[in-house]
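Asks: If you want the building blocks of each chain, they are given just below.
2 protein chains.
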Amino acid sequence: MTTGDLSSKLNRDQAQAELFDLLRIPSVSADPAYRADVRRAGEWVRAKLEGMGFTARLDETPLHPVVYAERLVDPSKPTVMIYGHYDVQPEAPAEEWKTPPFEPTVRDGRIYARGSTDDKGQAYANIKGVELLLQEGELPVNVKFFIEGEEEIGSPSIVPYLQAHKDELTADVIVISDGSRFAKDVPTITYGVRGLSYVEIHVQGANRDLHSGSYGGAAPNPINALCEIIAKLKDDQGRITIPGFYDDVIPLTDDERKMWASLPHSDQDFMNSIGVKALPGEEGFSTLERIWGRPTLDVNGIWGGYQGEGSKTVIAAKAGAKVSMRLVPGQNPEKITKLIQEYVPQIAPAGVSVEVIDHHGGQPVKFATDSQAIQAANRALHRVYGRDAAFARTGGSIPIVAAFSEILGTEVLFVDYGLNEDAPHSPNESFAQEDYFNGILTAAYLLEELGNS
Amino acid sequence: MTTGDLSSKLNRDQAQAELFDLLRIPSVSADPAYRADVRRAGEWVRAKLEGMGFTARLDETPLHPVVYAERLVDPSKPTVMIYGHYDVQPEAPAEEWKTPPFEPTVRDGRIYARGSTDDKGQAYANIKGVELLLQEGELPVNVKFFIEGEEEIGSPSIVPYLQAHKDELTADVIVISDGSRFAKDVPTITYGVRGLSYVEIHVQGANRDLHSGSYGGAAPNPINALCEIIAKLKDDQGRITIPGFYDDVIPLTDDERKMWASLPHSDQDFMNSIGVKALPGEEGFSTLERIWGRPTLDVNGIWGGYQGEGSKTVIAAKAGAKVSMRLVPGQNPEKITKLIQEYVPQIAPAGVSVEVIDHHGGQPVKFATDSQAIQAANRALHRVYGRDAAFARTGGSIPIVAAFSEILGTEVLFVDYGLNEDAPHSPNESFAQEDYFNGILTAAYLLEELGNS
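Residue numbers (full-length UniProt numbering), protein chains in the order written: chain B, 1 to 453; chain U, 1 to 453.
Read the hints as simulated data drawn from the structure, not as lab findings. Hints may be right or wrong, so weigh each one.
Just so you know, same-sequence chains aren't split out, so a pair can sit in one copy or run between any two.
Derived pair list, reagent style DSS-like, types lysine-lysine, alpha-carbon separation capped at 30 Å [what the hints assert, rightly or not]:
1) Lys277 <-> Lys232
2) Lys232 <-> Lys258
3) Lys338 <-> Lys9
4) Lys277 <-> Lys166
5) Lys277 <-> Lys318
6) Lys166 <-> Lys184
7) Lys312 <-> Lys232
8) Lys312 <-> Lys277
9) Lys184 <-> Lys335
10) Lys366 <-> Lys77
11) Lys335 <-> Lys366
12) Lys232 <-> Lys77
13) Lys312 <-> Lys338
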């Protein structure tokens, strides 16, 4: 079944007016002062879905409620669960907003408001897409909505919620629209996220701080030792030296590398955007490959000795660093943490003792680019944008994806309607009107295409 | 002229009673609450010297006064200036003192009191030595006393004072007794101190903190870069890699190395005392050689990124470290600072910019062990201890010595009466009665021997 072109059937004024109503609710999940507003936004979404003929509930959690809704049309049809969040980032710094964050305003084709792109605008595009389809008749697939109110504070209630509602939340695919397309003219499907292993290295030298005059040259210096350890974790080619680190890495395929090489990326623009003159990194890989497809090791924090003004001639008793490793599909966070815990003592210089503390990890996740769902998404995007989607990955670790993958075992489909220039989390967050409307159309076509696959 | 054995002529009870009077004055220079007491201690010393027939003044400085006294007996005789300080460290932690810090108490042959060894006891031994000689007749040399009240706070008034009184303070040798003998049975003459070059390294990566998921692997990480730089500053043999760093080092002579090797030093005891299991350092040199006779490089502080609890996945925009290099005779602090300022940018990895800020430096100083003054000191010590002195150096940088050397151009003779076990700066500071009395005898013999040389 295909409805054909729905574009002419979309009431854009109405779609925008409804979104504006949602954007006006200051559902800042991080700020207790807005707790009632967060709930009000959840209830607003629930009521909307109920009005569309869904069975819709507001499920309590220890903090902000989850909107759960479903419309099950036919057990023999695929089931699609749409994830999103109705909470938003705080507005700070308030003085940098050109128009108030909770009074949505259109300028130059863009809707300015906190949450316009992240994620009210994108989540509501998916809701409106379903509604658009419903105008044509019954839905071609079973649809569940799972719209939470804690995403901007790390979704603390999500794992227990998923565990408690495991059976109810079964689906063939989970759709998430909460990010950015690669570029304006490039519809994008994200099929992988990196994982994470995060440790803290502690180095102990003498049993007390020592005077660097009386002891310098003879006593072990834990800061020098820590630097030596960290320097040894990578070689001259930017490769991580931990034995076994790369053993389980699923190599990038030629197709993936070709696909990414064809994307409109400029190293010069990338360098300009962060103000650097060179991009060190693992030799033999492009910038996109390094971010999306290769594991990395970054020190996220370091400390030891005297950090104040002026000079102090002390040899510190101890020093420490926080070190995170982004992992790629195939790698296992627990195993990688174990490997670095075994390796650091081996490369520590004589005279110091070391400890490597496990902070937390996250599974890398990758979905097959030739899955039925991804192919369906590509067809849907093609109908809107007139071209095939770029298949991208993301360098970050998205805990909700690992949770969906681990607890529900469900494939996740990222179909993003936003752009980096929307400035989510920043002042003057915005969402192009065109992207919002295209999102609605994409959502409708996606369900159709999923119904056809 | 030699007086022969003065031991029987020393009134020990009287000498101890006078020292106790001085020790009872809480002349804590760091604490404004004791400012009047500091002055009282200075005045006490001045009055004592005046009573001994010296022209004695209390010279004002912006903070605590200097005691200056002189007894010029014959322009054709050598002039000896005795330096010391009448101020003391704070008593903290007060609760750890077994007897009150400003109520001198004798236990097991030791005088317990703040300042007992550092430096009231040692400085007053020199005063009493002069008085002992005066009992026998006129002094064999011209004697000047320069006893300050700011040593424990870094002698802020000393350089201006020396500059203002340059002509008056001329001497053939300056005697300082403000440290420790190498070991109980080892009279010690210290003939060299290390210098210092202290810099701060700043590393800048991107123009803002970045998310390690979105940028990790591609963006430069200034903390990793800083660690790499620091690790590269030394090679596998513990040698500093800065080109030209060792060029001006005056090598240790075979005599020096033999002399130090003969001293009662145990690496195992040294390791036990600081709680480490190995002593890394420059290969090919003993522990004493590393501390006294070789330049070193120690990171004294490091910082960057997230230092709080838990984990944060940030790539910091900047990182920094404080790095000090102890220098040995021949090396010049300004030159060394310039060398590291040139070298760090060369070894910095691509993608970061670095800056090396000059904090301050200090000249290394070494005096000839065959100088007339040192030979005289050795003869004096031999008369007291029945054996030759050990010729040691110290790993620290003593600014006053560099100031004497640079401003007055005068040789400095360290003849220490204390021991490490006296615990200067710690609770329950003490000074062995025997060491105090031997100090008085040494001081008297030293002036005789200097008069004979």
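Asks: Look at each hint and say if it fits the structure.
Replies: Hints, verified against the model:
1. Lys277 <-> Lys232: both (24 Å within a copy, 22 Å between copies)
2. Lys232 <-> Lys258: neither (32 Å within a copy, 38 Å between copies)
3. Lys338 <-> Lys9: neither (56 Å within a copy, 73 Å between copies)
4. Lys277 <-> Lys166: neither (49 Å within a copy, 54 Å between copies)
5. Lys277 <-> Lys318: between (34 Å within a copy, 15 Å between copies)
6. Lys166 <-> Lys184: neither (37 Å within a copy, 76 Å between copies)
7. Lys312 <-> Lys232: both (28 Å within a copy, 23 Å between copies)
8. Lys312 <-> Lys277: between (34 Å within a copy, 26 Å between copies)
9. Lys184 <-> Lys335: neither (39 Å within a copy, 55 Å between copies)
10. Lys366 <-> Lys77: within (25 Å within a copy, 91 Å between copies)
11. Lys335 <-> Lys366: within (18 Å within a copy, 56 Å between copies)
12. Lys232 <-> Lys77: neither (54 Å within a copy, 63 Å between copies)
13. Lys312 <-> Lys338: between (37 Å within a copy, 20 Å between copies)
Violation of the numbered hints given earlier is confined to hints 2, 3, 4, 6, 9 and 12; the remaining hints are satisfied by the structure.
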